[in-house]
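J.: In case you want the letters, here they are:
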Amino acid sequence: MRDTRRTSKAPLTTLTGKDMRKAALVILIVLVLFDLVVKHHEVFGIDGTFGFVAWFGALACFCLILLALAVGSLLRAPESTYDD
Amino acid sequence: MNAVTAQLPALQVVIPLLGAIIAAFLRRGTLAWAWAALITALTPVIAFAQLHQVWTNDTISYRMGGWPPPIGIEYRVDLLNAFVLLLVSLVSTIMMPYARRSVAHEIDGDKQAWFYCMYLLGLAGLLGITITGDAFNAFVFLEISSLSTYVMIAMGRDRRALVASYQYLIIGTIGATLYVIGVGLLYLVTGSLNFADIGTRLAEASAAYPRPVLAGLAFLFVGISLKLALFPLHVWLPNAYAYAPSFATAFLAATATKVAIYLLLRIVFSVYGVAIDLNTLPVSTVLYPLSIAAMFIASILAVYETNLKRMLAYSSVAQIGYITLGIALMNQAGLTGSVVHLFNHALIKGALFLALGAIVYRAGTIKLDDLGGIGRTMPLTFAAFVFAGMSLMGVPGTAGFISKYYLIVGALDAGLWPIAFLIVASSLIALVYIGRAVEVAYFRPIASAPANAKDPPLMMLVPILVLTFASIYFGIDTELSAGVASRVAETLLGGLK
Amino acid sequence: MTTSLLTSPASALLVGALALLFTRGIAHKIILLGFPVLALILVFHAPTGSVTANYLGYALTPIRADALALLFGAVFALAAFLGALFALDRSSTLELSSALVYAAGALGVVFAGDWITLFVWWEIMAIASTLIVVCGGEKAYRPAFRYALVHFLGGVLLMAGIAGEIAMSGNTTITSLKPDSWPRWLILAGLLVNAGAPPFWAWVSDAYPASSWSGMVFLSVFTTKTAAYVLMRAFPGVEGLIWIGLVMAVYGIVYAALENDIRRLLAFVIVSQMGIKVAGVGIGTPLALNGVAAHSAAAVIYTALLVMVAGSVMRQTGKTRMSDLGSLAAAMPLTAFACMIGALAIAAFPLTSGFVSKSMIVDAAAKQHLPGVWIALLAVSAGVVLHAGLRLPWLVFFGAPKPRIAAGDPPQSMRIAMALAAVLCMVIGIVPDGLYVMLPHQVTYVPYTASHVLVQLQLLSFAALTFYLMRDLLKPQPGITLDLDWLYRRPGAWLACGFDDLTAGAWTRLVSGINSKAAWLHDLLVTHHGPTGTFGRTWPTGTMAFWTTFLLGAFLLIAALG
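Residue numbers (this note's numbering), protein chains in the order written: chain A, 1176 to 1259; chain B, 181 to 677; chain C, 1057 to 1618.
Worth flagging that the hints you see were computed from the coordinates, not collected in a lab.
Source: prediction; values computed, not measured.
With a cut-off of at most 30 Å between alpha-carbon atoms, the simulated DSS-like pairs for lysine-lysine come out as follows:
hint : chain 1 : residue 1 : chain 2 : residue 2
1    : C       : LYS1195   : B       : LYS634
2    : B       : LYS547    : C       : LYS1195
3    : B       : LYS634    : B       : LYS547
4    : C       : LYS1423   : A       : LYS1214
5    : A       : LYS1193   : C       : LYS1531
6    : C       : LYS1195   : C       : LYS1085
Sequences and hints are given; from them, build the entire structure.
T.: This is the structure in structure tokens:
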């Protein structure tokens, strides 16, 4: 998990990138494991399943990035496009 | 005092008429200006007194020389022409302080007194057309105002002013001729020249001689349409407005076409309308397509025009289209819109043309391409232009909106919603041409001509600002404009057969 | 009645705007800060119920102070204050004065109880906001012009709609409408132009980045949010709005993910956030509308905060492209901290204002059993990491070390403004009840359940994981992304040129055609036509005579036939 938001308050130099990545991984796993404890209010069936929001969040973000890349490859233009 | 009050209708015309003659003898420009300003300032006082009288009491009927109508000439003031009289005289008065510098700048010293003489003659002619109840007398005043207008246009600095004046002279003469033929036909079938009297006799005459009565209407209609620059009879107007001296342009734009429209209203509603069912006459049939064509074609021409005066002139043709559209609708709201736009457009175009005159005075050009950044060097003048321009487009809260509002309501009342849509759509074109001027004035780098320009002297600036303020103010307080216009429309429609 | 009009918050701000023009120095600053505060006080002292007046025979309601109006009024006045504080040492009097007029317009719209009053304020907003864009300097002139054109178009649509609606129903009051007649469609279209809906959404990213470092704060607050407000009042539950809103939300994310300029990125973010609100209006249940109201209130503050951060960066470094920025956290610690709070709020992280507001809209979709909408809103919520939620703060303040930029935190007034906004984002998030009691509908809503918090944390952290893994693909690249404004900026220009030539050509041909016909008729009809040389050459006179004859003939013909 990208954790710059929280770690940045501490001086960046005391933690190595490797430490940070390890800590983030632990947090991600713990967050998913919480699904075993917390009861979700199901509405559509799928939303109560184990780890649904986790994989959906990752997938949604992945799809949006793909869409952005597709749009970018089609419509990116130099900044001078509209200069007269 | 009562003796004076009784003579007000005559004084309304006689004062500027005699003033014109005296102005011709005052050889110095400034003196002539002061005289003309004084004379002009008297006219709205009289007009206001008359409007007050008509509003509270009833129609004023004045017998010229004591001869009773229909033998003698009758001056007849009802709400409609009292309103137009006040409009013409008041706008002229507001403009007069502006005239001195502008006229001195654009016309040679020895000719200035003649200019003021012609101006007063023109004013007398316009007031005369409006106040008289006699068809032939109206023709005489039409000629007086036209002839003086030709001279005023020809006094423009540009050599093309001569051609423009000549062209207008020919067209104007054709128009006057057609008008007098129409009057002649009516006289033949009714034996009267008095508008009201013709009206009462026309029903009978129409039964006996339907064709001449219709032909008379055709001649009157086309003749007056030439004077009011109804599309496609407008071709004289852009050149005349563009090359006339700035003050003359503003004066003519604010008053001359309005008086012609008044005459059309008078003929259609007070002469023909009281005798014959208007639905059987082709007035609306002819006016609808021409009005809509004017609203669009003239507006588009304005978009492509690079000379600002010509741009506004085409815009005037388009705005006249709105006024005639209201006449064509022939219902309460439409006619109110027509009359109120007559009033509002006079204020708006007066302000716009005066602002252009100030630009000519300071920057020496009105070519759009040479005026880059003028909005920053002449801030107050161009701010006035923008506000009056917004009123022209019909931005809500401005006078122009009130006009369009009544016209749209009129169109919807008549069940013609496509016309309501066309009114809105054509207003968008006004946004384009005013927007183009705004773009050049504010968003372009300052060009060489406006670089040393600044706002004009106070004497010129105040009339511009007063008219601009009025063209906004009458969008908020609609008592004088829409209130009177609505009663006028009521009276005109109430008299219809 | 007159007193209550004069003491309305909008009138107060207009007075303030006027006073700004004539003052300098300390008085100028006191007026700039004092009048928004006065407006805020007046919002809470607004006369309950309605104030009515009469114009052109229509009953107007210039002031209608109900719960929804009070909420938006308070938020707008607060935002005006924050913006004014942030802009305290901005030297352009025109911009500051316009900003107060703009805020007055927004407050006027909020309290307007009828369409006519609303429209007047609506146009005041359009004019004032155009002036603010203009104050961005020479490079802002063209975007400002395009901005003005789009907004006048929107205004005309709205005006036509209002006129038609009044003509058809005779009712001027702003009430909930079903779009079942053309005037109502026009009103909806006019509102959507301001909301940043397709096809005119490009005005946001075109004009806003062109404004000054202070101007964009005001711009980001009022226009789009007033549109959301009026949509809530007039078109709740119109299903089409859901889809329009979702398209806006996705568009904003995709374009922001590609964007290099921080201020244009935020403009896309504004559209994206507006999309969520528009979709919420489309759902239209009391919970959804409460969500839209709360989300608007929260978004005003956090968007303003992010725009202030971007403005500070722009002002302090003179750069706005992310490809030129990076690792600014050390140089501008307070700005970086403010940016993080703003990012957390926009990402709806628990304990921020975004969390307590956006979840209402998402939950409303679930409660209405709209699975597609719910999934889409969830995906859009995950997508914030692609822009202001993570990408922007990371690339500007952290990330790969860049050549050190000599800059510090901005001046005190700007720092205080950012700090206040950041505190508000947190306070609303921690104690949401203060916001909830102001919402228009009576709905009990508990944001802090274990499930809610967990869902949001999982969603954001895994979205962030994906972004982290794919970060190299979304590196800031110089350039722009073509948008729908290409249609009127490129071919529009070609078309205009072509049309110009075309019409000029057609006109010449038409004129010469008429000319020859007229000359022919002239020769034919008029035997005594004078010296041929002069007369023949002044063709328009001939044309005129031709038309005169034609019209006379036509008139007689119609009369004879009729």
